[in-house]
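Protein chains: 2
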Amino acid sequence: MFTGLSAFPLTPMDEVSIDENAFSQLVSRLAQAQINSIGVLGSTGSYAYLNREERNLVTRLAVESAQGTPVVVGIGALRTKDVLKLAEDAQKAGANGLLLAPVSYQKLTEDEVFAHYQTVSQHSSVPICVYDNPTTTHFEFSDVLHGRIAALPNIASIKIPPLSNHLDEAKERVARLRAHIPHHVTIGISGDHSGATGLIAGCEAWYSVLGGLFPLPILAIVKASQRGDIDEVNRLSTALEPIWAFFRRYGSLRVIATIAELKGLVKTPSLPLPIKSLSGEERQRLTACIADLL
Amino acid sequence: MFTGLSAFPLTPMDEVSIDENAFSQLVSRLAQAQINSIGVLGSTGSYAYLNREERNLVTRLAVESAQGTPVVVGIGALRTKDVLKLAEDAQKAGANGLLLAPVSYQKLTEDEVFAHYQTVSQHSSVPICVYDNPTTTHFEFSDVLHGRIAALPNIASIKIPPLSNHLDEAKERVARLRAHIPHHVTIGISGDHSGATGLIAGCEAWYSVLGGLFPLPILAIVKASQRGDIDEVNRLSTALEPIWAFFRRYGSLRVIATIAELKGLVKTPSLPLPIKSLSGEERQRLTACIADLL
Chain A
1 MFTGLSAFPL TPMDEVSIDE NAFSQLVSRL AQAQINSIGV LGSTGSYAYL NREERNLVTR
61 LAVESAQGTP VVVGIGALRT KDVLKLAEDA QKAGANGLLL APVSYQKLTE DEVFAHYQTV
121 SQHSSVPICV YDNPTTTHFE FSDVLHGRIA ALPNIASIKI PPLSNHLDEA KERVARLRAH
181 IPHHVTIGIS GDHSGATGLI AGCEAWYSVL GGLFPLPILA IVKASQRGDI DEVNRLSTAL
241 EPIWAFFRRY GSLRVIATIA ELKGLVKTPS LPLPIKSLSG EERQRLTACI ADLL
Chain B
1001 MFTGLSAFPL TPMDEVSIDE NAFSQLVSRL AQAQINSIGV LGSTGSYAYL NREERNLVTR
1061 LAVESAQGTP VVVGIGALRT KDVLKLAEDA QKAGANGLLL APVSYQKLTE DEVFAHYQTV
1121 SQHSSVPICV YDNPTTTHFE FSDVLHGRIA ALPNIASIKI PPLSNHLDEA KERVARLRAH
1181 IPHHVTIGIS GDHSGATGLI AGCEAWYSVL GGLFPLPILA IVKASQRGDI DEVNRLSTAL
1241 EPIWAFFRRY GSLRVIATIA ELKGLVKTPS LPLPIKSLSG EERQRLTACI ADLL
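Listed in order, the protein sequences are those of chains A and B.
1 is the number of the first residue of the first sequence in the numbering used here; add one for each residue after it.
1001 is the number of the first residue of the second sequence in the numbering used here; add one for each residue after it.
Since the hints were derived computationally from the structure, they do not count as laboratory data.
One thing to keep in mind: the hints can contain errors.
[What the hints assert, rightly or not] Quick list of simulated restraints, FRET-style, between CB atoms:
no.	chain 1	residue 1	chain 2	residue 2	range
1	B	K1263	A	P153	48 to 54 Å
2	A	P153	B	H1184	55 to 61 Å
3	B	D1168	A	R249	52 to 58 Å
4	B	N1234	A	T287	58 to 64 Å
5	A	N21	B	G1147	42 to 48 Å
Keep in mind it's a predicted model, so treat the numbers as computed, not measured.
Beta carbons are placed, not taken as given, at the ideal position from N, Cα and C, and that holds for glycine.
The following block holds chain A by itself, in its conformation from the complex (with noise of 0.2 Å):
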């Protein structure tokens, strides 16, 4: 579940209410792909602007078009006591991996996030991955907390941060928190212009969002790092570099929904506003990048 190909839905909606056919459908396309799991209600998946009810109805649904392919659910929520909901939720909806991030107002200390950790750990049933994004909680892990938070029970992996463009840098960095954590916790890759990296770098896995609405050549690309043929990990993935650098431009949310909107995947808008999908100049040029992308 937590390694190989981790994928990351958008959750359509407008200001009315989600689309939940279409959500089914891409949750569908990725259980065709047969990757190692769904990640649902990430913030691909815009699990913090949405209420308890939603997140069950998404939850719910990813579960019934899963096809048997494990469901992560993203559990972030600014309260403790909210995140044991939405994490008792989750499990009884069939949720097979949780997934947490130390969402933020206001800043949060290290004993803080600790004992976040503590207490929904020794609430659930099922494994967590830790969500170690400063870009949306505004938090940063030292490698000692997240030593300290690994060895907690359930805790299963680690979604860590886009790596350094530089190899030597990238491989440090996961070797320094691997020898922070046990064994047995997993540690991915997020920011999928930091994937290929990721994996040459040594993550067992890749959380990502472009392979949430085409999973076939992230898996491609998994696939060749886990034979070892880093050539081709680079040529792929150096493929998909434009579609990166719209990612590292505007956030990989505003251009994965453009995407899935040009593409008829979902309805125009899809994004919560304020948030709004590219328009004008920019949504045309991305147009041209995603011609090859099925």
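For this one, chain A is given, so just place chain B on it according to the hints.
Just chain B now, with coordinates in the frame of chain A:
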């Protein structure tokens, strides 16, 4: 309402509920002090951690206890549609003004933030204060954007983050912002350690955290400023420097909650987990600083 002292009380709570009684008493203290407005559900009021029903409850309690002092209500939320509902709730409950921060999970663009304020301002029938707080929202307003938003209907004030300690820089910053906004829009300082500087630099309001618990010492500084007695402003603020030092180090929310707990004005704990008030030696050191506060 958006000049002089606007004081922001805590919303005391535990993992089960809001302490309605303690909250009403905090609001009554402020009403008795005859300040210019009471700002409930600001960052100090933990608005981001409460759901719609809880926020409605807090607003109703505040209006009941405010004895005619204008009540300003924080309506920030991640989604535009949720802000609209909160704005409607607050106005129905008798709010005299609204406070709106561009709360984010995904980093927002200038255009997204402008459209967000535009939509809310069109749907409001009471004055709105723009809440510029990059520490919690992770959005940095440009002066041009402030100018565009301040020109919208119903925008009446801007709550700005702390200024430079260097008075020349602080004055220059306030003057630069003033040059971008209409005459009728006031500028209010926040970050209590920067309050005196803000008043001397020309801000018309102090949006105060300590004033939400102890209005009199802050009101004395505001009144000294209004009669042009800068020496007295500095003297009174400097006397509070030990508390400002705590605010800077631990964040004002944890410190003001700890002070309220120590003074018996709220129960312990009073903050939503994972956030904790100060404990151990820090709490002891704080006790020594607050003996004079009434």
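These are the hints, each one checked on the structure:
The given range of 48 to 54 Å is broken by K1263 (chain B) and P153 (chain A), whose C-beta atoms sit roughly 39 Å from each other. Between P153 (chain A) and H1184 (chain B) the beta carbons are some 58 Å apart, a value that agrees with the proposed interval 55 to 61 Å. Separation of D1168 (chain B) from R249 (chain A) is about 37 Å and departs from the stated range, judged on CB atoms against 52 to 58 Å. Against the hinted window of 58 to 64 Å, the Cβ-Cβ separation of N1234 (chain B) and T287 (chain A) comes to about 60 Å, which satisfies the hint.
With their beta carbons about 43 Å apart, N21 (chain A) and G1147 (chain B) fall inside the hinted range of 42 to 48 Å.
Violated hints, listed in ascending order, are 1 and 3; each of the other numbered hints is respected by the structure.
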